[in-house]
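Protein chains in written order, with our numbering: chain A, 30 to 171; chain B, 159 to 562.
Don't take every hint at face value.
Derived DEER-like restraints, expressed as beta-carbon distance ranges [claimed, not checked]:
no.	chain 1	residue 1	chain 2	residue 2	range
1	A	VAL109	B	VAL248	43 to 49 Å
2	B	LEU224	A	TYR164	58 to 64 Å
3	B	VAL253	A	PRO151	24 to 30 Å
4	A	LEU110	B	VAL355	52 to 58 Å
5	A	VAL109	B	LEU224	54 to 60 Å
6	B	ARG548	A	SER167	54 to 60 Å
7	A	LEU146	B	SER257	37 to 43 Å
8	A	VAL109	B	ILE501	40 to 46 Å
9	A	ARG56	B	VAL253	50 to 56 Å
10	A	PHE141	B	TYR347	56 to 62 Å
11	A	ASP58	B	VAL253	33 to 39 Å
12	A	VAL109	B	TYR208	43 to 49 Å
13	A	LEU146	B	TYR208	35 to 41 Å
I should point out that these hints are in silico values taken from the structure, not numbers from a laboratory.
Beta carbons are placed, not taken as given, at the ideal position from N, Cα and C, and that holds for glycine.
One letter stands for each residue in the lines below.
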Amino acid sequence: MFKQILVPVAGSSVDAETVRLACRLARKDKGKVWAVSVVTIKRALPLDAEIESEIKKAEEVLDKVESVAEEEGYEVETDVLQAREVGPAIVDEAVERGVSLILMGISYKQRFGQFNLGSVVPYVLKNSPCPVILYQQSTATK
Amino acid sequence: MLPEAGGSGAFAFRAFNPLVSFVASWVLMLDYIVTMSISAFTAASYLGYYVPALKDWPINSLGGILIVVFLVFINIRGVQTSSRLNIALVFIDVVTQVSIAVLGVIFIIYLPQLIHNVHWGVAPTTHQLLFGISISMVAYTGIETVSNLGSEARRPEKDIPRAVIMVFFVVLSLWALLSMTALSAYPVYQNAQGQWVTDLTQRFLNDPILGIVNAMPLYIRPALSFFVVFLAVTILIIATNAGMLGASRLAYFMGQRGQLPGIISQVSRRARVPANAIIMFSIIAGVLISTGKITLLADLYAFGAVLAYTAAHASIIALRVKEPGLRRPFKIPLNIRIRGRQIPITSVIGGLATFTTWFIVVYTHAIGRVVGFAWLALGLLIYLFYRNYRKKPSDEWEIKPEKR
């Protein structure tokens with residue numbers, strides 16, 4: 030059903046579980062999994078500016094993703110994206126690669142005492158060209 | 159198509175050499191600094207509608223400096239600005255300006271009065287006309303910003319020409335109407351010194367749109383003034399920020415090409431922006447604001463803009479000769495073939511016109527001439543010193559004599 034799965038990762042504790050789930054979903058149809066980490070570039074710099082510390086951080090996150098996939102016995106393709114905002118970068122990548130699913134991991138977060146999804150997830154849900162699955166880490170494992 | 163941020167400097171780098179690119183970038187840097195200064199100073203002056211003390215110097219200069227300080231803080235702390243909010247504000251601004259222009263056509267514009275106001279050679283004198291033409295080069299920043307952000311467009315071959323053409327038509331049509339409204343509302347008269355002036359420049363030099371609104375019928379004036387001032391302040395603060403971001407991006411571009419010392423252009427690890435460049439160029443903007451002279455700022459602006467524009471035109475021609483096979487998704491129409499190369503007539507005319515205008519600026523704007531050339535000289539000193547320094551072998555490679 031899901032032959033091409035895009036997994037955006039941000040270096041949070043939910044990444045490993047999300048990648049595991051993506052590998053298991055893709056395995057059924059021998060599908061492909063892409064994990065992407067987005068480096069946001071402020072408007073004070075050109076979009077192609079190379080901020081070494083940020084790129085290094087993103088690559089470390091993706092290295093962890095690869096080792097999780099290896100544990101699952103599956104191969105994951107990884108990529109670092111540079112963008113002004115995370116949401117549009119994920120949607121653009123999904124369109125460009127023609128993926129059949131975006132699988133996003135989310136952590137339980139509160140803002141002003143209320144559960145809050147932030148700005149990225151609602152943007153992706155609203156603009157995604159394909160189905161989106163949100164995977165929320167159990168609040169007990171945080 | 160050159161998918162690079164850097165505007166005229168990026169063109170000149172590819173078409174000519176690092177020195178020409180540096181000059182184009184350095185004068186453009188002056189324009190970004192002046193954009194910050196003009197916008198922040200004018201925003202503070204418009205605020206004088208709500209807080210009358212801000213109408214006079216030096217309080218308006220102080221207000222302008224505070225706006226710059228506030229934006230430095232925001233950019234270094236890294237508060238994200240929303241693109242949607244910016245687009246919405248610009249849209250409301252254009253709608254407001256169109257509304258003022260329409261109200262001007264309905265209530266104020268009076269053609270016989272307009273014609274009566276113009277006496278070629280007297281009011282304006284040739285010198286004043288040339289001065290005005292060079293000041294109108296302020297509009298150049300908009301087009302330069304389109305070019306600067308062109309590398310981020312999804313479909314640059316369509317989006318960039320469309321944006322430039324839209325800027326051209328919107329600005330030309332809107333400001334032709336607003337100028338006609340202003341000249342109808344504030345007729346030209348001879349002052350005690352025998353100079354031909356209008357009340358718009360005598361009373362509303364720092365907040366001209368408010369001057370136009372002030373000439374509207376009494377029943378719409380208070381509400382319209384309140385709204386226009388609020389919007390003007392918001393848009394001018396956004397323009398100040400745009401100047402700051404432009405200067406920051408340009409500093410990074412210059413640093414990447416070895417045209418500025420790393421201490422200025424380097425990206426701060428914590429802030430993830432060229433913090434030193436933002437602080438340094440904002441300090442210069444603050445110094446310019448402190449003079450409280452909007453004519454000086456406009457002079458400097460014109461000095462930098464026309465030179466950068468000339469460099470852009472010359473680069474387009476040079477690239478047609480040097481790299482005829484370069485991918486050009488959009489090609490300027492009206493070309494003539496010389497020795498197998500297609501030379502765009504518009505760039506030749508444009509380049510000659512802007513270079514002539516630069517001579518006019520240098521000839522007519524005395525203070526602008528002095529400060530402009532001083533800026534250029536300072537830049538060249540930094541550039542030559544830095545290039546020379548970079549040529550020296552690094553300490554790491556030097557074999558030091560052994561200690562005895």
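Quick rundown of the hints versus the structure:
1. VAL109(A) to VAL248(B): 43 to 49 Å: 32 Å, violated
2. LEU224(B) to TYR164(A): 58 to 64 Å: This hint is violated: roughly 47 Å between Cβ atoms.
3. VAL253(B) to PRO151(A): 24 to 30 Å: The hint (24 to 30 Å, Cβ to Cβ) holds, given that VAL253(B) and PRO151(A) are roughly 28 Å apart.
4. LEU110(A) to VAL355(B): 52 to 58 Å: Because 57 Å falls inside the window, the suggested range holds.
5. VAL109(A) to LEU224(B): 54 to 60 Å: Cβ of VAL109(A) to Cβ of LEU224(B): about 39 Å, so the range 54 to 60 Å is violated.
6. ARG548(B) to SER167(A): 54 to 60 Å: Given a distance of about 56 Å, which is inside 54 to 60 Å, the answer is holds.
7. LEU146(A) to SER257(B): 37 to 43 Å: 39 Å, holds
8. VAL109(A) to ILE501(B): 40 to 46 Å: Cβ of VAL109(A) to Cβ of ILE501(B): about 42 Å, so the range 40 to 46 Å holds.
9. ARG56(A) to VAL253(B): 50 to 56 Å: Because 55 Å falls inside the window, the suggested range holds.
10. PHE141(A) to TYR347(B): 56 to 62 Å: 60 Å, holds
11. ASP58(A) to VAL253(B): 33 to 39 Å: 52 Å, violated
12. VAL109(A) to TYR208(B): 43 to 49 Å: 47 Å, holds
13. LEU146(A) to TYR208(B): 35 to 41 Å: 38 Å, holds
In the structure shown, a violation is registered for the earlier hints numbered 1, 2, 5 and 11, in ascending order.
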